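S.K.: Residues per chain are reported as follows:
Number of protein chains: 2
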Amino acid sequence: MRIARMEFPTPDGPEARIVVAARHEPGRWVDVRAALRLALERRGATPAAARRLAQTIVPGSLSAALENGEAFMEALAQAAEDTQEEALAPEGGRLVAPIDPSLYRDFLSFEVHFTNAARLHHHGVAPVLYEMPVGYMGHHLAFIGPEETVPWPFYAKERMDFELELGIVVGRGGRDLHPEQATGHILGLTILNDFSARDIQLREMQGRLGPAKGKHFCNAVGPVIVTLDELPSRDLRMTARVNGEVWSSGQSGTMLWSLEELLAWASAGEPLPAGALLGSGTVGFGCGMELQRYLNPGDLVELEVEGIGVLRNRLGQPPAEGWWPSPRTPSIQV
Amino acid sequence: MRIARMEFPTPDGPEARIVVAARHEPGRWVDVRAALRLALERRGATPAAARRLAQTIVPGSLSAALENGEAFMEALAQAAEDTQEEALAPEGGRLVAPIDPSLYRDFLSFEVHFTNAARLHHHGVAPVLYEMPVGYMGHHLAFIGPEETVPWPFYAKERMDFELELGIVVGRGGRDLHPEQATGHILGLTILNDFSARDIQLREMQGRLGPAKGKHFCNAVGPVIVTLDELPSRDLRMTARVNGEVWSSGQSGTMLWSLEELLAWASAGEPLPAGALLGSGTVGFGCGMELQRYLNPGDLVELEVEGIGVLRNRLGQPPAEGWWPSPRTPSIQV
Chain Z
1 MRIARMEFPT
11 PDGPEARIVV
21 AARHEPGRWV
31 DVRAALRLAL
41 ERRGATPAAA
51 RRLAQTIVPG
61 SLSAALENGE
71 AFMEALAQAA
81 EDTQEEALAP
91 EGGRLVAPID
101 PSLYRDFLSF
111 EVHFTNAARL
121 HHHGVAPVLY
131 EMPVGYMGHH
141 LAFIGPEETV
151 PWPFYAKERM
161 DFELELGIVV
171 GRGGRDLHPE
181 QATGHILGLT
191 ILNDFSARDI
201 QLREMQGRLG
211 PAKGKHFCNA
221 VGPVIVTLDE
231 LPSRDLRMTA
241 RVNGEVWSSG
251 QSGTMLWSLE
261 ELLAWASAGE
271 PLPAGALLGS
281 GTVGFGCGME
291 LQRYLNPGDL
301 VELEVEGIGV
311 LRNRLGQPPA
321 EGWWPSPRTP
331 SIQV
Chain L
1001 MRIARMEFPT
1011 PDGPEARIVV
1021 AARHEPGRWV
1031 DVRAALRLAL
1041 ERRGATPAAA
1051 RRLAQTIVPG
1061 SLSAALENGE
1071 AFMEALAQAA
1081 EDTQEEALAP
1091 EGGRLVAPID
1101 PSLYRDFLSF
1111 EVHFTNAARL
1121 HHHGVAPVLY
1131 EMPVGYMGHH
1141 LAFIGPEETV
1151 PWPFYAKERM
1161 DFELELGIVV
1171 GRGGRDLHPE
1181 QATGHILGLT
1191 ILNDFSARDI
1201 QLREMQGRLG
1211 PAKGKHFCNA
1221 VGPVIVTLDE
1231 LPSRDLRMTA
1241 RVNGEVWSSG
1251 QSGTMLWSLE
1261 ELLAWASAGE
1271 PLPAGALLGS
1281 GTVGFGCGME
1291 LQRYLNPGDL
1301 VELEVEGIGV
1311 LRNRLGQPPA
1321 EGWWPSPRTP
1331 SIQV
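Line order of the protein sequences matches chains Z and L.
With the first letter of the first sequence counted as 1, position 73 gets the number 73 in the numbering used here; the numbers rise by one all the way through.
Here the numbering used here = 1-based position in the second sequence + 1000.
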């Protein structure tokens, strides 16, 4: 399946709806809630009750929908088969971020990327990067979707960057999962742009935590989520273009860890919720830092992953200067 | 106000309810939803509509309630004045985590703690720790409340630890806030125990990201949230006891940054949602690592903060071994 979310105008402002590509007419989007509402009516629900039930099982939030488990997954699968006119998404919808993640965690799993970073910053490569998928928690509420503008944070100055990644959408939560169980927990893959403000990222990470401010201002995700069975392979071509020029290209198959191993490790000893998004980490040479080229306000970044599509975002303009803390004077000598 | 959540049995399993200490009888807890329901009925709502409305304005999740803005804050303030019998929380409730955070971020803001850590691990103190509040995003869905057992993750071996921290509960969200605006965005303070599995924390952080697995298995929070106007001062006594023995004591006033500065920085260039929880970082000598003493299964950890109360949690038993990734062989030499 190809799963997305579309925004439509309503008297209360734009509303996101979950849509799925019709299996036999992949150019058409089926509105999953409408398809379920109609199916419930056919099974004897009153129109008002069908509407209420369909809204609860298929909310506008994909992460909330995934929390409904098979009740939602069945509605999704049935909608993909349903091309009656009334179930189709109306014209004029705009694709938004397909997932509004319940949690977002990013891994370092491409050896070329982390060895490039070590070389550039003159530090060694820690053996732990070959022992387990190392990662950090990101800001799950700072996501934008396709064609949306990246808000430029006031604290980013010269080295604004993108990162070309795969996003793994967790369909079913769990804890202490084994990789063999993990395939059934993956809803599908999407494209992830982990925008990075390198000036502040490198500065704050000298404090041995994070990254934080270097990443939290924005991530982009989309345009769609593709289930594993509809992807051409496990080794997908990944390409980044800036203002139309190819900056990066790589293969997803060069990850050190499988998708299932990343998901299993994300669930080890901690709750991994349905609707979580796991970033693969940046593919080798998949960011400006590795090329020593950076982004400017107004630049257009396009990330393409074979079988998924193109995620296109333009950088916004820097805002007025914001509040900075005033430095403190150390009172303890180490 | 003193705000908490209590769990009560229902035919559908335990349900959390938001409660507030009665202003004139601080030993009594008022059920905020019940108080609002009764008030709505007095203002002409039918019982069924009052129930529906009260449930929407005062859900069981405090972070969801805070998203309702003043509609919820007014209900909370009115409940604190309302000691009619029908609005009181029934007997038999159990205090649970007062906040189920929408986002959790922890800062390093106690100089004694980070200089102790630098000395112990033989690294320098980065100047950035005096230039801005450095922090990282934690796992907002791995919280337990007072008296709950800490799940011991299979990957934690010898150095299980606690961290004695203040928790700042964000009452109202925002972006790019100035510290002068921030007071109005703080709901109140609570006690935070940032449990830490030091073996894996130190190992994974050699990868220059995180912490992640070292922290994500559990945080404890509670027992109540106290609004700033009801705290005795801004310099609160903080104490940690393990199995009844005092291990740590410190003062919250030794933070490098004010509560308002932490909140403002958390919102700089990124969305800070209502219901977020910000950790102050560990007070000086407020963890076992600084004392070179660690926790064992079954240990009882009590964190006390003046004016808030005691947060008490027992460590669980280690489970069976879980899945570990198998190490990879480097194919690139740096």
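Take the hints with a grain of salt, since some may be wrong.
One-sided and incomplete, this derived list gives chain Z residues near chain L with beta-carbon spacing under 8 angstroms [unchecked claim]: (1) W265; (2) P297; (3) D299; (4) P330.
Footprint (simulated), chain Z over chain L, 3 or more residues, beta carbon under 8 angstroms [to be verified]: (5) 1026 to 1033; (6) 1239 to 1249.
The hints are simulated quantities; they were obtained by calculation from the structure and are not laboratory data.
For clarity, every value in this text was computed on a predicted model and none was experimentally measured.
C-beta atoms are modelled at their ideal positions from N, C-alpha and C, and glycine is treated no differently.
S.K.: If a hint holds in the structure, say so; if it does not, say that too.
M.R.: Results of checking the hints against the structure:
At its closest, the beta carbon of W265 (chain Z) sits 6 angstroms from a beta carbon of chain L; the interface hint therefore holds under the 8 angstroms criterion. Evaluation of the P297 (chain Z) hint against chain L yields a violated restraint, the C-beta minimum of about 15 angstroms exceeding 8 angstroms. The restraint placing D299 (chain Z) at the interface with chain L is violated, with a minimum CB-CB distance near 18 angstroms, outside the 8 angstroms limit. About 6 angstroms separates the beta-carbon of P330 (chain Z) from the nearest beta-carbon of chain L, less than 8 angstroms, and the hint is met.
Restraint check on the stretch 1026 to 1033 of chain L versus chain Z: 0 residues with Cβ-Cβ distances below 8 angstroms, three needed, restraint violated. By the rule of at least three residues with a Cβ nearer than 8 angstroms to a Cβ of chain Z, the coverage given for the stretch 1239 to 1249 of chain L is violated, with 0 such residues.
The structure fails hints 2, 3, 5 and 6 (numbered hints given earlier, in ascending order).
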